[in-house]
Amino acid sequence: MSEQSVEEGNGRSSSWLRRIWNTTSVPVGAVLLAALIGAAILAISGANPLDAYAALIKGSFGDSAAVGRTLEKATPLIFSGLAVAFAFKAGLFNIGAQGQLLVGAIVAAYVGFSIEGLPAIIHAPLALIAGAAAGAIYGAFPGALKTYTGANEVITTIMLNYVAINLTDYLADGPWKDTTPGNVVARTPKIFDSAAIPFVGDIPIGFFIALLMAVITWWLLYKTTIGFEIRTVGLNPHAAKYAGIKVAFTVILTMTLSGLLAGMGGSIETQGIVGRYQPGFNANLGFDGITVALLGKTHPFGVIPAALLIGAMKAGSSQMQFSADVAKEITDVIMAFILFFVAADMIIRWILRTRAAEGEKITLSTGWGK
Amino acid sequence: MIIKDAPIVLETKGMTKRFPGVLANDHVDLKLHKGEILALLGENGAGKSTLMNMIYGLYHPDEGEIWIKGEKVRLNDPGDAIARGVGMVHQHFQLVPVMTVAENVMLGAEITRGLYLDQRTAVTKVHELSMQYGLEVDPTAVIEDLPVGTQQRVEIIKALYRNADILILDEPTAVLTPQEAHELFRIMNDLTEQGVSIIFITHKLKEVLAVADRVGVLRGGKYVGTADPKTATEASLAELMVGRKVILQVDKAKAQPGEPVLKVSDLVVKDDRDQIAVDGLSLEVHAGEILGVAGVQGNGQREFVEALTGLRPVVSGKAVIAGQDITHAPPRTITELGVAHIPEDREKHGLVMPYTLADNMVLNRYYQKPYANGIILNQEKIDQDGAALVEKYDVRTPSVYTPASSLSGGNKQKVIVAREFSREMKLLIANQPTRGIDVGSIEFIHNQIVAQRDEGVAVLLVSAELDEVLGLADRVAVIFDGRIVKTLSIAEATRERVGLLMAGSDA
Ligand SMILES: Nc1ncnc2c1ncn2[C@@H]1O[C@H](COP(=O)(O)OP(=O)(O)OP(=O)(O)O)[C@@H](O)[C@H]1O
Ligand SMILES: [Mg+2]
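For the record, the sequence lines run as chains A and B. Each residue of the first sequence is one higher than the last, beginning at 1 in the numbering used here. Each residue of the second sequence is one higher than the last, beginning at 371 in the numbering used here.
Watch out, some of these pointers could steer you wrong.
[What the hints assert, rightly or not] In silico EDC-like pairs for lysine to aspartate or glutamate, Cα to Cα no more than 16 Å straight-line:
1. A:K223 - B:E750
2. B:K576 - B:D598
3. A:K246 - B:E706
4. B:K796 - B:D598
5. B:K442 - B:D399
6. B:K383 - B:D396
Bear in mind the hints are in silico, worked out from the structure with no lab data behind them. Here the structure is a predicted model, which means the values were calculated and not measured.
Bound-form chain B, shown alone:
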């Protein structure tokens, strides 16, 4: 690919965007060449999504210009951006779950024949697009039956259907399995070969090195530099992003495991569709150790964690925490036993979006002293302690009174981490604790997890990132089809071996 000489299809000049108390974008100049994959890196809150939302017409710049294909444009809404060939795939898909792929794709751009929707043409068109770009998907499948990776493909087809040739992917890999991510990269390469230009946001530096043609970095709202993935390393990219050296390896002493804190035996749990998802799962986590649960997403991890934390009923089996049977206990009983829980879906379980950060920081202890006296809330104390946590966990926000909804994705995660880590605990259940978080903050959170372990906390770490599990865990339990198929000491847990076990083969 000779990107350098390719024409510029998109350019921003001096893009500036202010939110109350935040300069989210500060004179950002960005160039995108035809047919290239530009990776956009930056810490949580650096302004990546804000910039993309302006290019997609969702936000309006306070200053600056957007040039698309040599023309200065004013984008009032996404419709204007789409008309100029810009497509965007958001992290939370905007699909109607009960409709088919074809129906979703044509939604808002329906083909009609008289008063009738021309479903057949839509199906054909979707089929053609999926053939042309290697985006395998059945046009007649219903969205809710499709795995996340496929739903994302539908979003891409939706953009292509509207003739997008500039595609923005905001953290597309955060919820994908490694296999799905690979598939996505292949698709991205196919697309660029056919002239589509892509801006790709991620926090995973490996992915950047693997697929990007060029790397742009934002820091504190400013564009701070461009890197060449051929010569860059993970460490150099991390440094450029954060502005200091980041230690990507977790540095920890050998675990000193004590008594078992969590004992699970033969647990059976059903998923939302009433199918058995956890099928006779047994494991133990001891005080002072980190047990990492490795596995391809969708093998019962979510249901397992929800059952342990009281959010989902248990069909049979038993779970004991600190000597107490909690198999059928409600969430509050479990929390009060000293269980901290970082939920997988921070939007759904972890935060109340319109609440201030301070209120979110006390979401599961608002009723305890000193935050409440009887039934009377002590708002002053809530706000004060919230401010201290914001400081300690480096949550990038104008104030503790900001609603959680206006934080950047990674900063939302930090709020949850701060809340859960700031109380006495015996057991930490962390499900995807660093999803969507930048490298600098991952380093911080990992160190916190290890520090908790060294204090004698039992840690159950569930992560789709094999690197994270292998880097943090003292023992690795591999989950497959709702069962722990094998538990390995970290010394035995080689990438290959765990990978094979995750795929269901007996290694």
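The shape of chain A in the complex, shown without the other chains:
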């Protein structure tokens, strides 16, 4: 895995400017290329790409309300991006961030609307933790399935997404349905104000919690023995076993913590933005986490700018539709291309002519077994 050699390889070497270039060139190139293709599509369909992009930027960073909107959109993506990136460090592909996020979102809503009379200082954290715990348990499942039955986590997490979607739909339309007279849609009651996570000005406090979680994730991965174990399992499970690391336990732990991050994203979406659980409101937040994680090179700190970028596109797309008269779905197209290009990084490398450092390219041939 080339990115990891770059990243873990010379953590403390002198040429760190070069290192930054090596790690950022592909994501930056991918974004630019995707934007270019987006522009071409806009032009072909008769719109002015410059106007459209200007409107997009205005809608996402134009004023403090726009910035607030961007942060609002970016916040859950930081969580789901961290969840995917974190699992990736142990060599696990958690496609299930979506399901874990939904479960977290509805459990946070339940704690938010069902308990009355708690002070905010207790109620809000309680709902947050409950959602995170629900996500953690939901993430632990596929981890346990993998270790005890060998079931591939990609498949099980995809399937558990459907379970989560249907389960939350059922709860929101059944036992936990909003029974306010006149309500016909599937949704839970509104959470009490004491469970809400407020804004400071235009900025959602959830955003700062997301930043904090990114730092904690980074610290856990790179500064602790637990992170050492997780990364070792991800990079070489055989060596991990040799080193006495409990690989099975580490896999379950990683999936649990990954689910916790996603679940916490769901809580914050419920408590900070939506104010209740309503099916459809969290659609794709978990899936977009995959894009965010890959674009952020699966590093906790890479996830933040990646989430901000995707968040900005989501925040600005309405403005773009409104003032440049182009369908806002163009941002989805651009996002899809970004994902395509970061995944197929050879294309970007070829365009930028940045060879993967020679050592990485052919570790197969430096002598006695590499």
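Please arrange chain B with the ligands on chain A, whose structure you already have, making use of the hints.
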């Protein structure tokens, strides 16, 4: 063979290659004549593989020229090298395990008829090649069912299939049994008689004297000299390589064995295919002695060692270390009993390639003080102690922050040795401890093993090198078909006798 007058087929002029912090090749001039076997010698990290990778188009020289058959060439990738008749066999084979020999050979150079792969022609062609060069192999066999030596032959056929007449073999004998190595030498001779020129890298000086027509030596990235194997000796080659006299014999006092540290009785272990590989094995290793396990590879050595170190489940029987039953213990329990383990496959078990050397040096004690405080890693201490080990074990690397992946093969091995030797131990389990290591470092590692023994450590040495076993061990246990067939004192263990026992005959 009149090599001197044979035309030059390959020449490098002033080849220079820098890696961050390393001058891997420093103006190397190398000549290869038609039909000769040129042995390339050099210490670990001398730059042999780097030079070969440039000739094969995998690395690009910073300076210098490559001339092939009288023409100056620019090689962008291996495709260019192959087009000029250069073939290379890497240590780690690049074969698809689930495909047949013929399929592997034609991979990337498929013969097609319309949309269909022409398997039959491929099979015929492989068969023809194997007849022509005496490379016996069944074209329809599936790779994963073949022994290592045969897989290597497939790699050679792959090169020949692409019309290679300059063949680079990078440490081909490191994983071969002596018999397989002999077979390889015969093949190499056949090839040269038909006009193929060969560059052959090895650390085994005996092999050089046996097969090479000429010897080139690299030291610290520079080409330091050419030797004639007819007049050279192992000692003179070693000196040329290392730049000082190397003592090839291990010098050690008589062992003072104490209490048994490892007791194994009737151990049964299965291999990856669920076949019994260790079949009722019993042995004892005492404190202060080296027990050498001699045997042809594939007689259960790997499974035995993996079972002892907790990496492989035990079917039945018992293993006791320092009085504790470890038959079903996990690796960490065993490590913490004071067991050091140099694994056979350093790539698979021994190292995490993208990790720095420092992190690799603490791979199995990262969680202990002083490297961790609770769950918090003390990176500063890890790096500091890593640097000290790099110094002490003479690991050739620009720094302790270098990823293990960019070390030369032998230096990777030294990292593992350094890690395992630098902690308190009661039992050392060393499986092929000097594979791929240069003579100077072998001397060092052997002395370290003996020093540990003299401190009272019990040493279980498993090696495919009979010389290594006979040179180091105080007692020799011969393994055959998953069992110890005989244990001899070193005085009784003559080459002939051990050789016969290894072959399964009752000597
Ligand atoms: N991809 C790489 N990146 C950085 N440094 C490298 C890389 N490949 C090799 N080196 C360095 O170049 C030097 C020469 O390495 P090389 O692999 O050519 O040695 P070698 O002679 O083949 O040694 P060995 O006998 O141990 O295989 C070493 O110091 C090594 O650390
Ligand atoms: Mg080498």
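Handout entry: Pairwise hint evaluation, E750 of chain B against K223 of chain A, where the allowed Cα distance is 16 Å at most
Key = Cα-Cα ~11 Å, so holds.
Exercise for the section: With a cut-off of 16 Å on the C-alpha distance, tell me whether K246 of chain A and E706 of chain B pass. Expected result: holds (15 Å)
Practice task
Measure nothing beyond the straight line between the CA atoms of K383 of chain B and D396 of chain B; if it is 16 Å or shorter, mark the hint as holding.
Solution key: With Cα atoms ~11 Å apart, K383 of chain B and D396 of chain B stay inside 16 Å; holds.
Problem - Restraint check for K576 of chain B with D598 of chain B, where alpha carbons must lie at most 16 Å apart - result: holds (14 Å)
Problem - Straight-line alpha-carbon gap K442 of chain B to D399 of chain B, limit 16 Å - result: Holds, at about 14 Å.
Problem - Pair hint outcome, K796 of chain B versus D598 of chain B [Cα-Cα no greater than 16 Å] - result: violated (45 Å)
Violated hint for the displayed structure: number 4, the only one.
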